[in-house]
Structure formats: structure tokens, C-alpha cells
Amino acid sequence: MQPDPTPAPAGKTPPSGKTLPEVMLSVRGVKKVYQTDGGDIEAVRNLTFDLRPGELACLVGPSGSGKTTLLKCISGLMAPTAGEVLLDGKRVSGPPKKMAVVFQEYGRSLFPWMRVRENVELPLKNQGVPKAERDTLVDEALEAVGLSHVPRSYPWQLSGGMQQRVAIARAIAYQPEVLLMDEPFAAVDAQTRADLEDLIRVVWKKLGVTVLFVTHDIDESVYLGERVIILSSSPTVVQEDIVIDLPDERDQLNTRALPRFTELRHHVYEQIQLAKKGHRPAAAGSTTA
Amino acid sequence: MQPDPTPAPAGKTPPSGKTLPEVMLSVRGVKKVYQTDGGDIEAVRNLTFDLRPGELACLVGPSGSGKTTLLKCISGLMAPTAGEVLLDGKRVSGPPKKMAVVFQEYGRSLFPWMRVRENVELPLKNQGVPKAERDTLVDEALEAVGLSHVPRSYPWQLSGGMQQRVAIARAIAYQPEVLLMDEPFAAVDAQTRADLEDLIRVVWKKLGVTVLFVTHDIDESVYLGERVIILSSSPTVVQEDIVIDLPDERDQLNTRALPRFTELRHHVYEQIQLAKKGHRPAAAGSTTA
Amino acid sequence: MKALKTLGYVLALPVLLVLLWWASTLGAVNFFVPTPAALVGKFGEVWFGPRFFTDVLPSIARLLVGVVAAIAIGVVGGVLIGSVKWLRALLEPTLEFFRAIPPPVLVPVLILLMGITDSMKVAVIISGCVWPVLLNTIEGVRAVDGVLSDSAHTYGIDGWARVRYLVLPSASPQIMAGVRQSLSLGLILMVISEMFASSSGLGFTIVQFQRSFAIPEMWSGIVVLGLLGVAMSFIFQWAERHILRWYHGQKEVENAA
Amino acid sequence: GSGSPSSTGGGTASGGSTGGAELTKVSVGVIPIVDCAPIYLGDKQGFFKEEGLQLDIQTATGGAAIVPGVVSGSFDFAFSNLISVMVAKDKGLDLKFVANGASTTGEKGKDIGGVVVPAGSSIKSAKDLAGKTVSVNNLSNIGDTTIKSVVEKDGGDPKSVKFVEVAFPDAPAALANKQVDAAWILEPFLSKAVAEGGTVVSWNFAEMSPDLDIAGYFTKGDTIKGKAELTQKFTRAMNKSLEYAQAHPQEVRDIVGTYTKIDEGTRAKIVLPRYKVDFNKDAFKTLGDAAAKYGTLTKAPNAGDLLP
Amino acid sequence: MSSDDPASGGPAPSAGRDRRPVRRLPAKQLLGLAGIVGFLATWELIPRLGLIDERYLPPASEVILALVRDFGLTAFWISVGETMAAWFLGLIIAVALAVLLGFVIGSSDFLRKATNSTVEFLRPIPSVALIPLAVLLFGVKIESSLMLITYAAFWQVLIQVLYGVADVDMVANNTAKTYGLGRMARIRYVVFPTALPYLMTGVRLAATVALVLAITAELVIGSPGLGREIALAQSGGAISGMYALVLATGLIGVLINVLMRSIEKKTLSWHSSVRSEVIV
Ligand SMILES: Nc1ncnc2c1ncn2[C@@H]1O[C@H](COP(=O)(O)OP(=O)(O)OP(=O)(O)O)[C@@H](O)[C@H]1O
Ligand SMILES: Nc1ncnc2c1ncn2[C@@H]1O[C@H](COP(=O)(O)OP(=O)(O)OP(=O)(O)O)[C@@H](O)[C@H]1O
Ligand SMILES: [Mg+2]
Ligand SMILES: [Mg+2]
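Residue numbers (our numbering), protein chains in the order written: chain A, 1 to 289; chain B, 1 to 289; chain C, 1 to 257; chain D, 1 to 308; chain E, 1 to 280.
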């Protein structure tokens, strides 16, 4: 049914011709079907795209289009029904090293029996990072998300937005090579959100980390990413894959004021609306829809 | 410390002079201090505002400023440390009848042991609404949030955004007189969000329900509300209370294009930035800050 | 003031029940049901003497060893069986088999294997006490929240670290329920272990009283068991409050409506 | 008592022929051991029906259930060893024997119980048990009481014998595994233990008194006073059964197979107790005095109060 | 109304289409069987190798043979029936009482505190110590066993229910509160499902405790059933026969567990412990 072996480029722009040397993360013909007692649910039909090392891509798509599912497949938490995910050329079969994921359900991803600081510290401790370095990393991360005043609170003593920021701090302190984030700013206020957006870009540049960022905020996807991957509605394929050709130095006021920003934003918006209406890209549409 | 008995208007514009006859929900000098083993945390210092019957007010404020705390006090789930909440002139001491709350932690507010339909149906069933009427209400609500295709799924088989929409459907189907919503659209995509915003306004008009709507999206607060109440950062007081003087008929394209919309939006944005920076309004600032 | 209130909670119902019992013994006297006064009289006479050191203390020592060992075995085994699916499938029927074997039948086999020793008695205690801990641990481990488990996975928290930081704390509320069960079961099994192949001990003494129709003495022994149970449970509840502080905190804060 | 086929079989079969309506029901608590064979046999022979009694034989496994059963009235009569009843009487329960149950054969070398040591043991006679560990089925009961008095008779120190509780079925294993130095064992395990190489160093019952009665049927004082006629009927039928059993050992061996799980081979070999009607008062007194001396009883019992 | 077709057909979760999990069962059952076989093999070897004398612990094969012989006897099945009747009645009474009291006590802070000491006092009282009382009240009949079974099993369930009730998710509970669900409705729709996994563990614990006590009571008191048969075999020196009955007891335990597991699978399909087994 689906073109497993051939890594057919579903989008337009990524340099999918020269695959091997220049690819960090490669998603090839991934399909996921959930089996429930009410019948099978095809969450993702056929997704193929690549991320270069150090790329920052945003993933947008209608609610229920399979973004979380895809992230779970990439992080090796779930095996795809068909297709495969390659990380650094190796097939992903379990959670890879040096990958951090910020889950959509932030409230449930923090350990309620650990204080904020311990939550952030745990992955580092587990890796054997020496105490002194660990302390610096944790302090910096908490400072960066604006939570340096509550290190000794338990997660359930924090507001929703604060909990989400703890999860972000944990991911940043971990200094991963690949960072997957699932709507990480959904619960924070506009101002904090802007600050965090800039934080992500700073971290990304500093560490050279490959980032896949799921968001529902179209402005955010355009402002943050080098690329925006738009998913169709379920059954899901890649609707479009746009390169964001904005200047590399971004700034909340100036970048957002650029005419090109508005253009791109508008384009993404239209695509999502198309996706919601059930329109499917030519390449994938040929199979069934 | 705080001016409990006198319902001093903390904001500017609401018609707080003629309190008794025209007030549905009255928050008077509410203060909430959480007691933890790490010391007391003053989440809310002193909040006073009124909502008229059938008013739709949005509540915005920095992350951790106590919005969720306030909602819990209003819904009678938590007793305020000082001050009181009056609903229809009666002091709230437990969850009042005909009030629906959409919680920020949507994932945990759905019952995992019930299917989507049962989750939405439960409050109605509990109220003794006859089966036929119940079915109509549930169907309509699920249809309205775009979930009529998954009534027999369990909540944990849904995506984050879908779960959140189930919680919204449950609140709508309940046909409450007062509706409290805590960032109800945080997990849904832009298009769905727009649709849901319009849905809330339709329901609000149809049922004449009093709505208090917490959001982080400034555009949303301005687009939705008749009033926007801005909270200061912690310790929290009302930073400002703005009447949104946009035409009553709103429309995603036209309303958002109005110059007045941009103006208001800008104003709210500035106030939140002030709040984040720790600036406090004159009335409350006199106490400590 | 607070201490007084706690004391009230602890004593009110027992006092009420003792009064009821006293009232019910006012009329007819039954040989097998002594009056509270007779019981109290015997209590001091029987238990505050050399018997305390020769019978009660050794029993308590065995009980503690047994219960602690049972908890350790139960938790370790439970974590293993709960997290490894094929192991669970492999062992579950066999474990259920052993669980259904009554200790009195098990005693002869244990005597064969271990002789008439203290360790045999401890083994009897363990054989009964592990089940609540084991079962609860297995269930607790199986019920670890999916999102939390995923988080741990992606941060490379595997193996022992996963058990220590994720599995154990998350299962701890349920493990504690099991431990609490096994404490009182331990007391019961202590008595059973001393019913066979024994010549001293608290349980032995109680059974001996029972056989020789020293009924008030027997009931006074049962009171000792009950008091031991209360003492152990209070110590346990205190420990639990510390171990599960996050859990109770989480529940209580929001419960304070 | 639906479990034991003999009681139900006997009760209903002849109940039809004699007109069951006039029969008085009596429930008797027994322990399913060889010693209780006469009542089963008597039931089968119709001795109880002749007295107008319909037996309901209920089995219990030990004194823990028997005495409360009699006190509460669940059993009209019950079987127990002498010491258990002495102890209960000593503690203030109003109990009295109504019939004999089983007695020692009185023959050293061929009795129903003895103290067994493994082959090659240094223990040669009763006095050597001093300082050794000896297993009995129940402490402070007939086993340790008789052994202590035999040890004393033989010149040993009865106080230095260390008794532990091991059930009869487990005793041979405990002995073989050297967990005890000697084991007090009753039939049917005694024959087995001897066949497997054990040596009996003391026939404690026979050595204590060749006429020692070991167990009997008892009831509570209320029954004797309130239902005197019933008691007399039961005693008569029981005595008849005892005599019949003593006269027909093969029938005893056969009927034992119906209510126990002793296999036929073993049944053929085991030593049967002596079944006799009258209690031996002297032996009773010896036993009671010993029990009082070794602390099982607070004071020596009065034979007249306990025996019929 | 327009969307009636898929939805309102049956809002009640009828367990009609549960065929998929069944396919998996054989592998699981095979493993379980392998476990049992391994255990039996060990048992067979211990006496065969002389670690324990064959006279005292007969090899498994001999015991199984004896058990198979028992299977042919009506008396055996009558005993099994008697034991199971006592087990079932005792368990039902214990569970019913414990669930009732557990929810009442558990949902009131006052009651929980006030009953705590008494509960803790009564729980460790061994059923065997209550035998004289039981016999005094009921004689050596099934009622005695019932009283002991109920007493022992009751606490197991009660404690589990108390813990389960305390485990209610506050967001879920608050949600229910704001939608006007009263105390009873909350117990039914929120507290009960939350406590259900705890309750199931409690019932599984109690089911075996009840079995153990049914056997023990029959063993010690002598009321009819498998336990008395064991005592008879023991006192009759029928060692293989005794172990055969013990084996039968264990098998009943395994069967009870299979039953409990299948009930659990039905009632807890939504719970993450069961869920995690279906997915992945
Ligand atoms: N455990 C599950 N069992 C069955 N179906 C599932 C499960 N998880 C997800 N699905 C289904 O898969 C589809 C995609 O879900 P997913 O969570 O990946 O969406 P998403 O893109 O993350 O949506 P959102 O933006 O709302 O979070 C949905 O239709 C959902 O119902
Ligand atoms: N259970 C609790 N125990 C202690 N402190 C708490 C508790 N719940 C909330 N707080 C504190 O109260 C303050 C306000 O929290 P609240 O959840 O009301 O904020 P919020 O405005 O809803 O924030 P957000 O927009 O991030 O959800 C925070 O500082 C938080 O740490
Ligand atoms: Mg998602
Ligand atoms: Mg909040």
C-alpha cells in the first residue's frame, strides 16, 4: 500500500536527494494504526521527511492529525506500523540517547514525588554528570524559564504554565542533540511565550541541536523555524514543507513586522485551512483520499 | 491588610456603583495563601470585581498569577483565605448548582473509565435530564466541537486537543448559568480555535450564560470578551479592567481587522508586560509593592 | 489541643466498644467470654512478668524479621514481575498456586526443609506476608502513568534508575497498602507458625491457653496481639506519612475545600 | 456430619425399619482416629437405635473445637482424652465422663503409643530422655504428662526433658532429620516408625499403669442433670459398642477404613487399643496426680467428680 | 440529531467485540504452563535426588497420580464442593461488607480517623484464635468456617478500599463536584472507578485468604471439606494422598486467579495497568 522502501519526498524543498551524509533525522513512510476494541484507527498514513543536523523545524497540523503520534514514533516510544525512523543513519527502535522530549501532557510528565529542582536534575544525575556541573546546568535552565524562585516546590504546587516551564527546563538542562517539543508553550502567557521562543532559538544556536517543534500557533511556527512542516488532517500525510527564508537573527518586534513574515504566515494559515477541509497534496492523495 | 468589606472598584470601568441588583458573580477582596512545608505562598493577594448576569469577561495575567486559584475559589472548590465570593447574592461555600468549569488540566478532568459520550452525558444524567433530551444535548455538543465521530472512544485514545474539546463539550451540554473556563483552547490548532471561539460566543448569546474565560492569548481575550480583566503578577491584584467596546457581532476576519481591535489588543499587551515587570496599579500598590 | 483531639480519635470508639462489651457481660456469664474486669486482671498477671522476655520479645523479633524480609522480597519480586511481561506470564500461575496453600499445610514441608528452627517460623511468616506486598507492587508497577513512563524513557532513565526514580515512587501508594496488610497478616502468621513444632512464643502461649481452657488468659493474649497491631500500624502510618509526603500533600492541598 | 459415609449410611438405613420418628437425635463429636472405632461400629450394629437414639457423628480435629462444642450444646457428647477434660474441669467447666473410650493394652512392646528413638541413638531407656528434646503432639497434655512420670519412675529428671510440639504425622520425619532426639508417636505411625528402624525406648502408657484409660466420652453437667435418661441410653449403647469392638478386632480394623484414610495394609498391622467399659480409678488417680504434680493442673482432680 | 447513526446506537459499553485479546492468550498461557511444569519438575527432583526423603515428600508424579485417582471419587468432589461453598459465601459476605464500610468510612475524614485504632486492633487478631468462639456459636458446621473466612477476608478488602478511595484524582473529583454530582453520585462515578483497581487487588488477596481459611478452618475445626480430608489423610499417614489434596487446593487457587483476572480485564480495560498490555 505505501511506498516503504523508497524515501519519496512528500514535500517540496528539503534536500532529499543527497540523503545519507547530511541527514540527522529521517522519517520514512511512517504509518501508525492504533488497534482499539472499537476497530482500527489510522492516526498517521504515510509521513516522509528529513531533518539536517542542527535544523529547527516546526510541525503544524490540525488537532488529531497525528503530531503526538509521530513524535512518539520518532522518540522510539512506539513502533510505527509501517515505515521507519532513522536517527543519524541508525534505525530507531527504542528511546535514543541524547534525545529530549517535552510532552504535550506536561502535568503528567513531571514526577510528583520530586521537587522542581530534582525533576530537572534527574536526567543529568542519571547520566553521571558531576554535581558541580549539574548544579550550574540546572540553575541556568531554571533561570532561563523564569523559575529560579521555586526550586523546592513540588510540581503540583505550581500553576499550569509553571509546570510546563519545568518540563522545558528539564529538556534544556539535559543538553540533548535532538529536541522534540510537543506544544511546549501552550499554557504560558503571551509575554513568557515570547521569551521562551527566543530562549529556544538561543539554545538551538548555542548547542547546535536538531529541533522538531510542534505548535498550533502559526505565528510561532514561522517565527521559530527554519522550516515548517504542515500535516494534513487524518489520515495524515505531509501537506506541505515550507522553508522559512527569514533572516537568521530574529527579534520579536522586527521579525514579526517583516512583510515576508506576514506572507509566510498567511501561506501556512491557508494550508492548514485546506488541510482541515480535507484537501490532500497530490503526491499522497493518489493512494486513497 | 486588605479592604475586605468595601467592594472598592479595583479597575476603572465596570458599573460597580449599583452592586446588588445587577450582579451575578461578585468577587470581594479574595485572598488565597497556600500553606506548604516550604512556607506560605500567597497566590492571590486581593481581588475584587463583579460580573453582571450574562456578561462574558476574559481573565488574563502572567503565568502563575493565580487565575486557576481564583477559579477554584469561585467554583467553591477551595475556600479563600480572606474575602468572599458571592453568586447571585449568596456566598459560595461549595460548588454551586448550574455552574460548569473547564479545567486547565483537561487530561485529568475526563474520566478515563468512561467513553467520550458517557463523559459528556454524565452531568446531565446525574441531573435527571430525560434520555431523549440528553441525547440531543450530547450529540449537539459533540457536533459543535467537531467530535461527533468518536463518541465511543475512551479519552486516552484521543489527542490532546480532542480531549480538551471533550471537556468543552461537556460544559456546553450541561447548559450552565455560569461558565468558568481555564485556558480551554490551549491545545487545539488555530483553525479549530477560531471555530471554538465563535462557538463560545454563540452559546453565550443563546443561553445568556455568564462566562469567565481565562486565556493567555491576548487577541482571543479581546475578540471574545465584553470585558478583559488583567491580573498583576504575584502577589496578585487586579491590574486593570477594560471594557471591550467592539461591535457585538464579531467575525474572525472583520473584527480582527478593526483598528479598535488592534488598539485594544495593544493596550492589553502593554498592561501584561507591565504586570510581568512587577508594576502594580495605584489602588493595590499602596498596600506593599 | 491537637494532641487531645488525636487522642480522642484513637480512644473514643474503643472505649465505646468496651462499654458495650461490659454491658453485654452484665447478665449471663459465658465461660468463653470473660468480663472486661477479669480480662484486665489477667492481662497484667500474665504478660508483665518473665513471660514478656521468654515469649513475647522473641516472637516480636521473629515477626519483625519475617515482615521485613517479606516486604523486601515482595517489593523486589513485584517490581521484577510487574515490569517484565513474560516473567509475569511465566510465574503467575505458580505463585497463585503457592498463595493458595494454607500455612498449616506448609509447615510440615518447611520443617522438612529447614528443621524446627526460628528460621522455619520466619519462613512461615514470610510465606504468608509476601502476597499483599507482592500483588500490590505488581499492580502498582503495572499502573505507572504512561506519560511519566515515556518521559523517563526519553531521558534515558532505564534499568535501575528507572526503578528507583520512577517505578518505586509511583507504585509506592499501592505498595504501602500492601505493607499495611502484611503487618497484620504477619501477626496472624506468627501465631500460626507457633502453633506447630513449638514450645514457646506469644502465639504458642495463646494457643496453649486456648487448649487448656484458660479463657481470660487467652483473650488477654489476643489483646496483646491487637495492641501490637495498633502499635505497628501507628509506627507504619507515621513512616508512610513521610515516605508518601508528596502523595498526601498533593491530595490534601486540594482537599482543603 | 455428611462427610463420613458410615454415620449417614447407618442412620438412615435402619432408621426406616424401626420407625425413625421416635428416634432421639444425639450429636456426638469425635476425632477420626482408631480410638473412636467403637462408636462407628456400635452405630453400624444398631446398638444406638435399640436405645432409641439416632446418632449424628460429627468429626472435629482436636480439643480446640470439641470442648466448646459440648459447652455450646452443638454436641450432646464428645470424645476426648482424659487430661483435656481434667484441664477443662480444673478451669471451672462442669464436665463429666459418661463412658470409657480407649485404654492402653498394658503390654510393653505392643501398645498404641510409645517414645521412639532413631536407630543408633544413645537413648536406651526412659531415664535417658532427661536433657533431651522429645516431641509430643500437644504440650501440657497426656503425652508429656505420662512421659514425665515414666522418666521419673525410671530415675531420670522429668523437668529436664525438653518437649516440643510436632504433629504425629510429621514426627517420623522430625526424628529422621535429627530435629528431635525422641518422638512420642501413636498408632498408626508407631508401627511405621518401628518398621522403618526406630526403637521404642518407653511404652509410656503401659509403663505408667497397665490399666490406664486414655480417653472417654463426656458431656456437660447440664446434660447429665437435665437429660438423665438420654445420658443413660447413650452410656448403655456406648458400653455395648465397646464390648463388641473389643470382641471383634477385625471389624474394628475394617470400620476404621470407612472414616480414616489409613490404608488396608497398615490397618491390618496396627495395634488396637483396649476397649473396656469401666474406668480404672487407680490409674485415673495416678494420671491426675501426675498432671497436678507437673503443673498441667492446679490441683489433683477428684475421680468421683469426673468419672461416671 | 443528524449524527445519530453511529453514536446513539448504544452508548452503553457493551462488551461485545472483545475477540482480539483472546488471540494473545495461548502464548501467555503456555508460559504460565511452563512455569508450573518447571515447578513440578523441581518438586519431582528434590525427593528423587534424595534431598528430602521420599517417604516424607513424595515426588510430584506420585502425587499427581494420587490426585488423578481422587478425581474419580465422588467423595472428593463433595469435599471440593463443600469447601468452595464456604469459600464463595464467606468471600461474598466479606467483600460486600468491606466495600460498603470501606466507602462509608473512606469518604469521611472523621470516620476514618475515629475507626483507625479499632480497625488496627481488630485486624491482627488471628482467625485461629477465634475458633473456640466460632464453635461456641455455630458448632463444627459450615457457619464456623464462614465466620472465620469472613473475618479474615474482610480486612484485606477493607484496607484496599480505604487506600483506593484515598487515591481519587482531585481534578477529576473537582470536575464532578462542579457539575453538581452529589456525594453518592461521586462515589458511584468517580470514587468507585478509582478504587476499583485497589478493590480488585483486595478481592484477589481476599479470595485466596478465604480459600486458605476455608481449608485451615476445616483442618483445625474438622468441619467438612477439603481441609478435613487433608487432616484425615495426614492422620491416616496417607502422605501422597495428603499432598494430592494440597495440590488440589493450589489448583483451585490458580483457577480462582484466572477467574479474577478475566473479571479484572473486563472491568478495568480503561486502567493503565490493563491498557498498557493491549497497546504496543
Ligand atoms: N492510544 C490511542 N489509542 C487509539 N487511538 C489513539 C491513541 N492515541 C491517539 N489516537 C488517535 O490518533 C489520532 C492522532 O492523535 P495524536 O495525539 O497523534 O494527534 P495530535 O496531532 O497530537 O493532536 P493534538 O494537536 O490535538 O494533540 C487521533 O485521532 C487519536 O484519536
Ligand atoms: N497546591 C498548591 N500548593 C502551593 N502553591 C500553589 C498550589 N497551587 C498553586 N500554587 C501557587 O499559587 C500561584 C498561582 O497559581 P495558579 O495555578 O493559580 O496560577 P495561574 O494563574 O493559573 O497560572 P497559569 O497561567 O500558569 O496556569 C503559583 O505561584 C503557584 O505556585
Ligand atoms: Mg498532540
Ligand atoms: Mg492556571
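Hints were generated in silico from the structure; no laboratory data involved.
Glycine included, every Cβ here is placed at the ideal spot set by N, Cα and C.
Be a bit skeptical, because a hint or two may be false.
To be verified - Covered by chain E, according to a simulated footprint, are these stretches of chain D (three or more residues, beta-carbon under 8 Å):
1) 185-192
2) 213-223
3) 300-308
What the hints assert, rightly or not - Sample of chain C residues with no beta-carbon within 12 Å of chain E, all distances over it, derived:
4) 23
5) 40
6) 46
7) 49
8) 139
9) 184
10) 242
Any Cβ of chain E at or closer than 12 Å to residue 184(C), or is the non-interface label fine?
violated, 4 Å
Residue 23(C) clear of chain E by more than 12 Å, beta carbon to beta carbon?
holds, 17 Å
Separation of residue 242(C) from chain E, once the least beta-carbon distance is taken, above 12 Å
Consistent with the label, residue 242(C) stays out of reach of chain E, its closest Cβ about 17 Å off (over 12 Å).
Verify this for me: three or more residues of the segment 213-223 of chain D with a beta carbon less than 8 Å from a beta carbon of chain E.
violated (count 0)
Chain E covers the segment 185-192 of chain D, three or more CB atoms within 8 Å, holds or violated:
Since 3 is at least three, the answer is holds.
Say whether it holds or is violated: residue 40(C) keeps its Cβ farther than 12 Å from all Cβ of chain E.
holds, 15 Å
Taking C-beta pairs only, is residue 49(C) more than 12 Å away from all of chain E?
holds, 21 Å
For the segment 300-308 of chain D, do three or more residues have a beta carbon lying closer than 8 Å to a beta carbon of chain E?
violated (count 0)
Does residue 46(C) really sit off the interface, with its C-beta more than 12 Å from all C-beta atoms of chain E?
holds, 15 Å
Per the stated criterion, does the least C-beta distance between residue 139(C) and chain E lie above 12 Å, as a non-interface residue requires?
violated, 5 Å
Of the numbered hints given earlier, the model fails hints 2, 3, 8 and 9; all others are met.
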